[in-house]
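Asks: Based on the provided sequences and hints, a complete structural model is requested.
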Amino acid sequence: MNAVSIYNLKKNYKKLTALKNVTLTIPKNKLTCIVGPDGAGKSTLLKIIAGVLTFDEGELYINDKKIVKISEMEDFKDKIAFMPQGLGLNLYQNLSIEENIDFFASLHDLDKNKAAKRKETLLKITNLYRFKEREVSKLSGGMKQKLGICCSLIHSPELMILDEPTTGVDPVSRKELYLLIHQFIEEEGITAVISTSYIDEAERGDKIIILNDGQIILDDKNFKDDINVYEISSPDFLEIYNRLNSEEYHFIKLNRDNIRLSPKNNEMVIKDWHQVKPTLDDRILSVIGTRKLDFIISPQKLRDSNIIDIKNISKNFGNFFAVKDVSLEIKKGEIMGLLGPNGAGKTTLIKLILNLYTPTSGYIKIDVPESELKNSIGYMSQKFSLYSDLTVRENLLFYGSTRGVSLSRLKARVEELIDLGNLKMYKDEIVENLPLGIRQRLALMTSIMHNPEIIFLDEPTAGVNIAERDTFWQIIRYLSNNHNITIIVSTHYMDEANYCDRLCLMFEGKISLIGTPDELKRSLEEKAGTPYLIETENPYLLYSELKQKGLKVDLLGNKVKLFTKDRAEALKNYDRIYKTEVTVEDVFVSVTEDEYS
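Numbering (the UniProt record's numbering), first residue to last: 1 to 597.
Honestly, the hints are just simulated from the structure, not real lab data.
Nothing here was measured: the structure is a model prediction, and the numbers come from that model.
All residues carry an ideal CB built from backbone N, CA and C; glycine is no exception.
Watch out, some of these pointers could steer you wrong.
In silico lysine-lysine, DSS-like type, Cα no more than 25 Å apart, as pairs [as the list claims (entries may be wrong)]:
1. Lys65 - Lys14
2. Lys277 - Lys561
3. Lys207 - Lys561
4. Lys365 - Lys383
Simulated restraints on C-beta separations [stated by the list, open to error]:
5. Asn245 - Thr530: 54 to 64 Å
6. Phe317 - Lys117: 34 to 44 Å
7. Ala568 - Glu545: 13 to 23 Å
8. Glu248 - Glu415: 29 to 39 Å
Replies: Structure below.
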């Protein structure tokens, strides 16, 4: 039986069509993940299901009851919980954890004794009990989201709807959040619906729905292995990439050290390429396609000189050390990823490099003349500073004038960047009207207007679809390889981390791990064993059993990921088991959990 059924749903905002003939079902007692970029229609869809937004056409059924008017949702108000998008937006910042839960209990007019017992249960399940008197404004992002779930579940609803609950929280907090939801599904029989822009989160759901531009492009009905996908990682992969013709392929995806593609002609056999099993990313790209930019990407240069040299740097604020004795060398032309949970010290370290903070001890040497330091650095923030009422060209002209580009050079430089960012068709468009991916490319172009030697990127592709991310990272690889520009990326998004030459993982102000993505993955496999995926009828139960035995496991929807050095034992115990790969997220979670323990 389905908790929610939707048929041919349409929703318009004046001239904008937010949802176009959406048809889907949400099964009971399962976790459904609705995945898509910003602007795909996820929030609109969830608000309609939650009964806080009307729709224009189509049919909506909740527990098999047809909903025609919002007033008819009144019968379900105590059976549905809706947590809106944004860290802690449904919480009162000046109240404690306990006071927030009490307030939500009063909204539902719950019996005080029942509410007190329910509150204690929720606080213990979420591991918030010992923090119950802490003010919300002092909580981490992950703790705020856990509290949001407590407040949403205080009245024991049947359907929980969470709109992008993992945005802005690190992978460890994301993993904990999903485990928490699976626990409530298993123990209380709730139905959960989550929206997210993180595609790698989709595998944590029992059902996956991919939304793009207001339409469902993939769901469990059309997840077929009906596309051929090939991969090559030879030393000359960039030369091969430069020769490829986009018209012959569903998609061409350039990764850090390989190419992945799918030919439009399924009969085509590509010699010397390795045929691989299609991933969820591959299936999405086969529908929406990719854009291979016109420039030629040069082979990577030998990186033998440091542009940034950090020695024993520390920074404290009173008694709190945000950065502790960090030493790090970054090569000229290198793409360096800075990872770490919230509060790890990444932002403080970047501000130290930018000379916005004075170190408490240690030093940072940047291999550019001090008088030219300001003009040698470019910065693209996650909330990029574009002028929404100006056109693309006007934004570039403005930023060029503020960064000291001479008038004689400015016009030509603007045209160069319009070409580099593939922005020609948008150059006279008002920024407010541009899709998110185009705005992000424009923000990158403004950050390199003055030809910096170092660029800092803060979660640069958060919220965009994977085709736009591929386009963005083609430009980054071009800047690194062709112009020897050093790029430092601070991110929670593991797909971005995979594009980096090296990764630096921080925890509580210190560097916990550093190396190439492949080195870090091999290191984890040597330590924890080979990863396997186990298919089972009750994945949460199996996960709990293996976890209690002290094994390294993760819960991924209807599968359990197990790390083991005893292959024979693993194969003997489980029928539906197959080898999988170590991911950067596995590394991040493992190191962070080890540090916490």
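Asks: Now tell me, hint by hint, if it's right for this structure.
Replies: For each hint, the structure was consulted:
1. Lys65 - Lys14: 29 Å, violated
2. Lys277 - Lys561: Answer holds: lysine 277 to lysine 561 is near 18 Å, not above 25 Å.
3. Lys207 - Lys561: The hint holds at about 17 Å.
4. Lys365 - Lys383: This hinted pair is violated, its Cα atoms lying about 28 Å apart.
5. Asn245 - Thr530: 54 to 64 Å: 38 Å Cβ-Cβ, so the 54 to 64 Å window is violated.
6. Phe317 - Lys117: 34 to 44 Å: Since the Cβ atoms of phenylalanine 317 and lysine 117 sit about 41 Å apart, the hinted range of 34 to 44 Å holds.
7. Ala568 - Glu545: 13 to 23 Å: 20 Å, holds
8. Glu248 - Glu415: 29 to 39 Å: 30 Å, holds
Of the numbered hints listed earlier, those contradicted by the structure are 1, 4 and 5.
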